[in-house]
Amino acid sequence: MDVLIHLFVGLHIIGIASLLGGFLTQMKAMGEGTARYTPAMLHGALTMLVTGVALVGLNQADDQSVNNIKIGVKLALLIVILGLVYVKRDDEKVDKGLFGLVGLLTTANIFIAVLWT
Numbered sequence: 001m002d003v004l005i006h007l008f009v010g011l012h013i014i015g016i017a018s019l020l021g022g023f024l025t026q027m028k029a030m031g032e033g034t035a036r037y038t039p040a041m042l043h044g045a046l047t048m049l050v051t052g053v054a055l056v057g058l059n060q061a062d063d064q065s066v067n068n069i070k071i072g073v074k075l076a077l078l079i080v081i082l083g084l085v086y087v088k089r090d091d092e093k094v095d096k097g098l099f100g101l102v103g104l105l106t107t108a109n110i111f112i113a114v115l116w117t
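Residue numbers for the sequence shown follow our numbering, so the first one is 1 and each next one is one higher.
By construction, these hints were calculated from the structure, which means they are not laboratory data.
Keep in mind that the hints are not guaranteed to be accurate.
[To be verified] Taking lysine-lysine pairs in the DSS-like style, the calculated list, with each CA pair at most 25 angstroms apart, reads:
{"#": "1", "residue 1": "Lys74", "residue 2": "Lys96"}
{"#": "2", "residue 1": "Lys96", "residue 2": "Lys28"}
{"#": "3", "residue 1": "Lys93", "residue 2": "Lys28"}
{"#": "4", "residue 1": "Lys88", "residue 2": "Lys74"}
{"#": "5", "residue 1": "Lys88", "residue 2": "Lys28"}
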């Protein structure tokens, strides 16, 4: 079971890297007002959702404790991120505020995962 959990943690990290990497590659365009949500951002967020749900299930099946409040906060942030990226995925330009919000929420999600014990 540990190998499977570690596999899903790795996939979860790949998802967050895709989401944050897509954001960071658009930073210059954000300054120019031409930033857009990339497919990598959407796929990264979806990967995070699927692997996160799988991780919660695997940890509970392995009788490990799961902090449900932490998971709920992280899920709420991810749903907001997914909503923004999905709805605006075909727009040629995204408002700076909305684009920056995705980066902020993604960073917050990372720090919640690492610092909330």
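Hint-by-hint comparison with the structure:
1. Lys74 <-> Lys96: 23 angstroms, holds
2. Lys96 <-> Lys28: With Cα atoms ~11 angstroms apart, Lys96 and Lys28 stay inside 25 angstroms; holds.
3. Lys93 <-> Lys28: 13 angstroms, holds
4. Lys88 <-> Lys74: The given pair, whose Cα atoms are some 21 angstroms apart, holds under the 25 angstroms limit.
5. Lys88 <-> Lys28: Distance ~19 angstroms between Lys88 and Lys28 Cα, so the pair holds.
Comparing the model with each numbered hint stated earlier shows that all of them hold.
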